[in-house]
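Starting from the given sequences, assemble the full structure and let the hints guide the process.
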Amino acid sequence: MKNAIIKMLLILLTLGIISWANQTLDSYTLSILNNIGIFAILALSYNLINGVTGQFSLEPNGFVAIGAYVTALFLIPAADKIDMFALVDPAPIVLEMQARFLPAIFAGGVAATLVALFLSFPVFRVRGDYLAIVTLGFGFIIRIFALNTPAYTNGAMGLNDIPANANFLWIGSLALFTLIVMLHIVYSKYGRAMKAVRDDEDAATAMGINTFKIKTVAFMTSAFFEGVGGGLLASFLTTITPDQFSFLLTFQLLIIIVLGGLGSMTGALVATVLVMGSMEWLRFLDEDMVLFGMHTGEHPGMRMVVFAILLIIMMLFARKGLFGDRELPEFIKAKLKRKDEV
Amino acid sequence: MDLTTFLQQLINGASLGSMYALIAIGYTMVYGVLRLINFAHGDIMMVGAFFTFMATAAGLPFTLAVLLGILGSVIVGVLTDKIAYKPLREAPKISLLITAIGISFFLENLFNVIFGGVPKAFSAPDYLTKIFHLGDVYLPITVIIIPIVTVAILSGVLWVLYRTKYGMAIRALAFDIPTVKLMGIDADRIITLVFALGSALAAVGGIFYAVSYPSIDPLMGVIVGLKAFAAAVLGGIGSVTGAVIGGFILGFTEIFVVALFPELGGYKDAFAFFFLILVLLFRPTGIMGEDLERSRF
Numbered sequence: 001m002k003n004a005i006i007k008m009l010l011i012l013l014t015l016g017i018i019s020w021a022n023q024t025l026d027s028y029t030l031s032i033l034n035n036i037g038i039f040a041i042l043a044l045s046y047n048l049i050n051g052v053t054g055q056f057s058l059e060p061n062g063f064v065a066i067g068a069y070v071t072a073l074f075l076i077p078a079a080d081k082i083d084m085f086a087l088v089d090p091a092p093i094v095l096e097m098q099a100r101f102l103p104a105i106f107a108g109g110v111a112a113t114l115v116a117l118f119l120s121f122p123v124f125r126v127r128g129d130y131l132a133i134v135t136l137g138f139g140f141i142i143r144i145f146a147l148n149t150p151a152y153t154n155g156a157m158g159l160n161d162i163p164a165n166a167n168f169l170w171i172g173s174l175a176l177f178t179l180i181v182m183l184h185i186v187y188s189k190y191g192r193a194m195k196a197v198r199d200d201e202d203a204a205t206a207m208g209i210n211t212f213k214i215k216t217v218a219f220m221t222s223a224f225f226e227g228v229g230g231g232l233l234a235s236f237l238t239t240i241t242p243d244q245f246s247f248l249l250t251f252q253l254l255i256i257i258v259l260g261g262l263g264s265m266t267g268a269l270v271a272t273v274l275v276m277g278s279m280e281w282l283r284f285l286d287e288d289m290v291l292f293g294m295h296t297g298e299h300p301g302m303r304m305v306v307f308a309i310l311l312i313i314m315m316l317f318a319r320k321g322l323f324g325d326r327e328l329p330e331f332i333k334a335k336l337k338r339k340d341e342v
Numbered sequence: 001m002d003l004t005t006f007l008q009q010l011i012n013g014a015s016l017g018s019m020y021a022l023i024a025i026g027y028t029m030v031y032g033v034l035r036l037i038n039f040a041h042g043d044i045m046m047v048g049a050f051f052t053f054m055a056t057a058a059g060l061p062f063t064l065a066v067l068l069g070i071l072g073s074v075i076v077g078v079l080t081d082k083i084a085y086k087p088l089r090e091a092p093k094i095s096l097l098i099t100a101i102g103i104s105f106f107l108e109n110l111f112n113v114i115f116g117g118v119p120k121a122f123s124a125p126d127y128l129t130k131i132f133h134l135g136d137v138y139l140p141i142t143v144i145i146i147p148i149v150t151v152a153i154l155s156g157v158l159w160v161l162y163r164t165k166y167g168m169a170i171r172a173l174a175f176d177i178p179t180v181k182l183m184g185i186d187a188d189r190i191i192t193l194v195f196a197l198g199s200a201l202a203a204v205g206g207i208f209y210a211v212s213y214p215s216i217d218p219l220m221g222v223i224v225g226l227k228a229f230a231a232a233v234l235g236g237i238g239s240v241t242g243a244v245i246g247g248f249i250l251g252f253t254e255i256f257v258v259a260l261f262p263e264l265g266g267y268k269d270a271f272a273f274f275f276l277i278l279v280l281l282f283r284p285t286g287i288m289g290e291d292l293e294r295s296r297f
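Those protein sequence lines, which keep their order, are chains L and H. Per the working numbering: the first sequence = residues 1 to 342. Per the working numbering: the second sequence = residues 1 to 297.
I should point out that these hints are in silico values taken from the structure, not numbers from a laboratory. Do not take every clue at face value.
[Claimed, not checked] Cβ-to-Cβ under 10 angstroms is the rule here; a few derived chain H residues that face chain L:
{"#": "1", "residue": "Gln8"}
{"#": "2", "residue": "Leu10"}
{"#": "3", "residue": "Leu96"}
{"#": "4", "residue": "Ile223"}
{"#": "5", "residue": "Phe229"}
{"#": "6", "residue": "Ala230"}
[As the list claims (entries may be wrong)] With a cut-off of at most 30 angstroms between alpha-carbon atoms, the simulated BS3-like pairs for lysine-lysine come out as follows:
{"#": "7", "chain 1": "H", "residue 1": "Lys130", "chain 2": "H", "residue 2": "Lys268"}
{"#": "8", "chain 1": "L", "residue 1": "Lys337", "chain 2": "L", "residue 2": "Lys320"}
{"#": "9", "chain 1": "L", "residue 1": "Lys2", "chain 2": "L", "residue 2": "Lys213"}
{"#": "10", "chain 1": "L", "residue 1": "Lys213", "chain 2": "L", "residue 2": "Lys337"}
{"#": "11", "chain 1": "L", "residue 1": "Lys339", "chain 2": "L", "residue 2": "Lys213"}
{"#": "12", "chain 1": "L", "residue 1": "Lys189", "chain 2": "L", "residue 2": "Lys320"}
{"#": "13", "chain 1": "H", "residue 1": "Lys165", "chain 2": "H", "residue 2": "Lys82"}
{"#": "14", "chain 1": "L", "residue 1": "Lys213", "chain 2": "L", "residue 2": "Lys195"}
{"#": "15", "chain 1": "L", "residue 1": "Lys339", "chain 2": "L", "residue 2": "Lys7"}
{"#": "16", "chain 1": "H", "residue 1": "Lys93", "chain 2": "L", "residue 2": "Lys195"}
{"#": "17", "chain 1": "L", "residue 1": "Lys333", "chain 2": "L", "residue 2": "Lys195"}
{"#": "18", "chain 1": "L", "residue 1": "Lys195", "chain 2": "H", "residue 2": "Lys268"}
{"#": "19", "chain 1": "H", "residue 1": "Lys86", "chain 2": "L", "residue 2": "Lys320"}
{"#": "20", "chain 1": "L", "residue 1": "Lys335", "chain 2": "H", "residue 2": "Lys93"}
{"#": "21", "chain 1": "H", "residue 1": "Lys165", "chain 2": "L", "residue 2": "Lys320"}
{"#": "22", "chain 1": "H", "residue 1": "Lys181", "chain 2": "H", "residue 2": "Lys165"}
{"#": "23", "chain 1": "H", "residue 1": "Lys268", "chain 2": "L", "residue 2": "Lys213"}
{"#": "24", "chain 1": "L", "residue 1": "Lys335", "chain 2": "L", "residue 2": "Lys189"}
{"#": "25", "chain 1": "H", "residue 1": "Lys268", "chain 2": "L", "residue 2": "Lys189"}
{"#": "26", "chain 1": "H", "residue 1": "Lys93", "chain 2": "L", "residue 2": "Lys320"}
Every residue gets a Cβ at the ideal spot worked out from N, C-alpha and C, and that includes glycine.
Okay, here's the thing in structure tokens:
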């Protein structure tokens, strides 16, 4: 009872801070916070399938793309769509898709979930690194479809003028909601089954766990929130093209969850702030610098070199990431306990 | 489709398939020995093409440039193994895979920073850009050279694998690394050899690619690499002959599907994955693989 009250107070406090930040902070700071919020949703949900369930999926970019496109199509007014679709006329169903903000975001999540359900049959017939390649392939195919079905996606030109309804109040609250849902899953019966699948799938089967069902549930839940994150991303950026949903997106999320510790939700959250923050902070690396009186010129991609090296070093020397597979409170407890023993 | 077009496409398919086959061998050999999908293998191919490009840009003769390109790839491939994969031999497979993804991203972005993302024109010497007309069939000389060189190289690789002591050591490693070490064989040296061989073949594939499409960019290895991996799985991963067969099947399919159904052209890059997924669903061991745990090379 006491715990529940503390939790409620914490949630209310966070919501209060979010709404305060939304009203007082300047637009630059807010745009960074929005970015962090969206990536937190994506990283938390990616961590569910990858870290908690141990299925090394490489297709969050595909689910994010689905969510982004579906939400965008629901949000853009029909008249704008007719103007925007330059290559071919929009399909009739595209013109009929109209919804308010929250239903549109929800629809993006549902669409991604359905695709995940459909894909889970081929994907979970294989394990380990094969699963990585198959999911990578699906992520790739989803992008190819986005490029080649201009009646629905406007092809390579993408969708623009998406109504910018996503403010920090929405993004922050949904990120908080995602964290709460994820933590509840991790500590539930399902979460324990997922961890069992990760640690030893054969043993989990022997204990009577329907591993296919558990993996599919994790995959679908993860896809739902990735779709929601994609919808928020579409509304936040107001422009989407198929190229935004390349493997780069998956790579960024992978760095985040590896840094946070595969399987740790609070770790993923902390790592999102660190990685997205330093992405912003390291922006100078991509720009023209003056070193010893010489101009280095612009180097788009320099930041990614740094992050790739970071990922490799982490795998070589600190494979557990920040918190290992524990959540923050357990991690602190364990640290304190060890200090007492010493 | 009349006979001329058919012949034309057949030759194009053989040329494309050769490239996939050359790259697929590297995947299959590394997987056979280390059970690792070397994500960076496609980028090793890109490295080879770029080294060759730099050498020709510096005014070196083309043959020398090709050798330097191959050497560059071999050095990068072997260093990758020494620095990033070797310390993780005992680690969980997923850690190795994440590291490989990191290496792949590192190489792509490093070359992107150095050379810029804009595709660079790759200038091949005149004798490689000639075009023959055999009746109505239009034959760029590369399309003839590529399959011939590929077959020659493959015979060489098979000779090394089955007729030399090193080849025997590679095949033995694929069965059981600890036992091979007990037999007094330096396993790390043999693994280095595997990476060197695979990277050299990838470099040759990359140079063929650069000559055929005359342009290169830092991300050229991504899609080709993934397709070559699909070819390796299609043929049965771990089997060199399988990788070659898979590469050619993929090359022919890609060319013929686009020739027969031009409206599917936009989905060209997706075929490899459809194939891959179908193979994994219905015959996970591929064409040449007898049993995933048994067959090696």
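Cross-check of the supplied hints:
no.	hint	verdict
1	Gln8	25 angstroms, violated
2	Leu10	26 angstroms, violated
3	Leu96	8 angstroms, holds
4	Ile223	8 angstroms, holds
5	Phe229	7 angstroms, holds
6	Ala230	8 angstroms, holds
7	Lys130(H) to Lys268(H)	27 angstroms, holds
8	Lys337(L) to Lys320(L)	19 angstroms, holds
9	Lys2(L) to Lys213(L)	35 angstroms, violated
10	Lys213(L) to Lys337(L)	37 angstroms, violated
11	Lys339(L) to Lys213(L)	41 angstroms, violated
12	Lys189(L) to Lys320(L)	24 angstroms, holds
13	Lys165(H) to Lys82(H)	23 angstroms, holds
14	Lys213(L) to Lys195(L)	14 angstroms, holds
15	Lys339(L) to Lys7(L)	28 angstroms, holds
16	Lys93(H) to Lys195(L)	17 angstroms, holds
17	Lys333(L) to Lys195(L)	21 angstroms, holds
18	Lys195(L) to Lys268(H)	39 angstroms, violated
19	Lys86(H) to Lys320(L)	18 angstroms, holds
20	Lys335(L) to Lys93(H)	28 angstroms, holds
21	Lys165(H) to Lys320(L)	40 angstroms, violated
22	Lys181(H) to Lys165(H)	15 angstroms, holds
23	Lys268(H) to Lys213(L)	33 angstroms, violated
24	Lys335(L) to Lys189(L)	26 angstroms, holds
25	Lys268(H) to Lys189(L)	44 angstroms, violated
26	Lys93(H) to Lys320(L)	14 angstroms, holds
Violation of the numbered hints given earlier is confined to hints 1, 2, 9, 10, 11, 18, 21, 23 and 25; the remaining hints are satisfied by the structure.
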